[in-house]
Amino acid sequence: MQNELYWLWLLSIRGLGAVKQNILLREWGTAGQLYHETAERIEQFMKKEKIFQAKDFQEFCRSKQDMGKCRQELNLLRAQGVEIISREQADYPSRLTEMIDGPPVVFAKGNWQTSKINSGPVLAVVGTRRITAYGREVAATIGKFCAEFGITLVSGMAAGVDGTAQRSCLKHGGYSIGVLASGLAHQFPAGNRDLYLDMEKQGVLISEEWYQTPPLANLFPKRNRIISGLAEAVIVVEAADKSGSLITADYALEQGRDIYAVPGRIGDRQSVGCNHLIGQGAYILENIEKFFADLSGGSQRTKPCQKNLAENLEPVEKILYQQIGTEPVYIGRLLEYTGLEQGEVQLCLLQLEWKGYIEQISAGYYVALPQIEQVPFPKSKP
Amino acid sequence: MYCSITTAGLCGIKGYPVNAEIDVAEGFPKLELVGLAHNSVKESVERVKTALKNTGYVFPYKRVTINLAPAQIRKYGSHYDLPIAVGILLASGQLEARQVQDNLLIGELSLNGEMVGVRGALAMVETARSRKLKRVILPIQNWQEVCFCDDIEIIPVSHFREVIAYLQQGRLGSETIELQKKIKHLSALQEGEEIGQILGISVNEGAVKKVDFADIKSQNVAKRAIAVAVAGMHHILLVGPPGTGKTMLAKAVPGLLPHLTREEMIEVTRVYSAAGKLLGKIPVITERMYRAPHHTITMAGLLGGGRPLLPGEISLTHKGVLFLDEFAEFPKVLLDTLRQPMEDKHIVLSRMNERADFPTDFLLIASMNPCPCGYYPDMERCRCSEYDIRRYHKKLSGPILDRIDIFVEVDRPALPSFQNVACEKPSQEYAGQIAAAQHIQKQRLHSENLLYNSEISTPLIEKYCQMDMAAAEILNGAYQRMKLSLRSYHRLMRLARTIADMEGKEKIEAKHMAEAFNYRVAYNKYFMK
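Chains A and B, in that order, give the protein sequences.
Residue numbers for the first sequence follow the numbering used here, beginning at 452 and rising by one.
Residue numbers for the second sequence follow the numbering used here, beginning at 549 and rising by one.
If you're looking for bench data, these hints aren't it; they were derived computationally from the structure.
One or more hints might be untrue.
Claimed, not checked - Simulated crosslink set (DSSO-like; lysine-lysine; CA at most 30 Å straight-line): (1) K829/B / K769/A; (2) K1053/B / K942/B; (3) K769/A / K942/B; (4) K622/A / K942/B; (5) K806/A / K1053/B; (6) K729/B / K769/A; (7) K729/B / K597/B.
Unchecked claim - Quick look at which bits of chain B chain A covers, simulated, 3 or more residues with Cβ under 8 Å: (8) 708 to 722; (9) 761 to 768; (10) 932 to 938; (11) 1018 to 1029.
What you are looking at is a predicted structure, and each value in this text was computed from that prediction instead of being measured.
C-beta: ideal position from N, C-alpha, C; glycine also.
Given the sequences, and given the hints that come with them, work out the whole structure.
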């Protein structure tokens, strides 16, 4: 039998999660060796390790009779062009072996071979699905910088922060890993279907679940441990008070990863989680450029900054720009405030939007875009 | 004895001549009514029998045959009472009449012989005119709606006895003579408003109770957008949280529109007459109509239909305002059926053996919430996920959105401006601006036989929508950035043309183009996601 089949068999044993699988693997090394071990030794071992229960051994023996299912799965995976990356392979992510609950096998669809998961810097980005314009801008900038600094971006393919960062990364020619909660057969949420297609072409999608597993709610927190596990640092862009991103942050803490939170204004619902993390001792993401330079070990951006803060604004544009903050402002307010004529205000707003200072997030509502790339870094006092 | 009376039938909003042939012969007493009479016509016989008895005549105790020719078209309505009654009197020898052949007779009879108003009188009178008949005898209740028809003598009567008196001796009642004088006077007038005054229809009665822009606090952006929409007859969608005054804004629109011209009054009255909606308080349409059907409306109710074919809401708002509140709640299929009538300005309804062509030149004002809960983009209050919002927007199909030129968001007014009552501009001010803009359009498009910028066809756009360099730059920028379709590109030009016309500018300038772009941008940003 092939090695891959043994690994699938290991996954198929009922009642055996990643933790128990890892304990067995520590003793026997590979799934193949485990399969060929005598039942007595397994029984002895399981009795010795407190974590195993009596029924685990029964399931272990029974599962060997049920290899048809694994064969079927293997054929399906082969037909779908899915790679099976197991512990015994060199390109298995080394950071996952450090975890007590790291998956022994991950399934990958896309370009796994070109990933620098074990050689280059890896950054995870997580955050809310209910993204604000501020979060969108930050996530997109992070994605772009990942591409420009050659950093692998890991995220969860969700709506909001995940998708925004990954889209931006691919758009700028970067490489990204999407970690799915479901099996690789599903594209969830459906609104990101375009992103799934792009990821298969330019990045890679991975999952620890069997191919056809549907996106069940309980799989998402479990998936989050892989996101933080793969990366050396995790950025939380926006998170509400109760957020899955905070679960990821907890995992990251257990796994000893660096946690960076994007600060928000107090009172902004989508920033409560981030600000809380900062209070708990997470790093603040202060200056994106410096952060990336540090993470990539002092390497340079492939493209220099092209935006120019000193871009001259017309006096009217300046007046309008000052009135627009991170909260949506209605155009009617701007008219009342400036007392200018509609056509003129509309023209100025359009110019500001096209210059990249503001965004019309809904008809007539404007927000200022953070000028993230141009924030000067404060000089530290001696 | 045989006789034939000329009357008319109604198909859609068009009349066609019908001959009521009556034969009274010796034989076993029996009555036959042939000529595909619908139940509403069959009942006519019972009314005629009683009305004749009550006016001192006898229904012949003989073999009576009535035929409504042409016999292959189904006849509906109660207006065959009068021709049948007169025909029976003639055929049974109870009446000696001169010049019956030159008259068109329509009218319903009550049991005591009084005349009752009928549906579709205007269309039938027009039939008589096109048939070169000399006069029309009709119920007095219908006199106002046919007052536009000159070059034919109208004889409004209130009782069957008056009809007999006229046919026998050529004698008219004093009331009839009075009304005929009024009709003559009216036919000389051109302005719809004047006609309404003479007919004694007050402005408010014709349409809904009007809202003035001065009554609506703040919302200057939405008001401006509506003014632009009305000026160029661009369809508009108002988006905003619940309770911000979208409905009030829509109700103010009829007050912004110019008065109906004489021709338009006739067109709209014809539709209402055929729909049987003129018999109540409003005998003739002199004002732009405003209708706001609920979103549970059926397809037949919206487009027209039924048996006989009656006009639907889109025709009842011909030359007026169709307000569709909660636009996204209308069934998608229903909204998609609006596509053709919006483009063609008329709708042809075909049923098995009926076919009707109704005019549908309406201004669409739609309103909806920005998301299912209604508060997006106020993230403090909105509880919808991005997916919810997208799904909500997906309820509107692309083609229908593509026919809407202006998307404008209505905001909850902030407190300070709300309390500042004095500064609201009244509708009249906007109306003046609109009238001026419409005048410019009329002058410019006169040679093309068009009225509004929204009607300019694509080949003519370059000719009529000229712009300066800065405006062209914005337009091209928009085309590239937003990946506009060529159709949207042209729509932007038409819209900018209207905005420039509101300032009386010869060429479209940058600010006009920017405003037009902002009205359209939401479409590409939100509905095309």
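Ascending list of hint numbers which this structure does not respect | As far as the earlier hints go, 1, 2, 3, 6, 7, 8 are violated by this structure, in ascending order.
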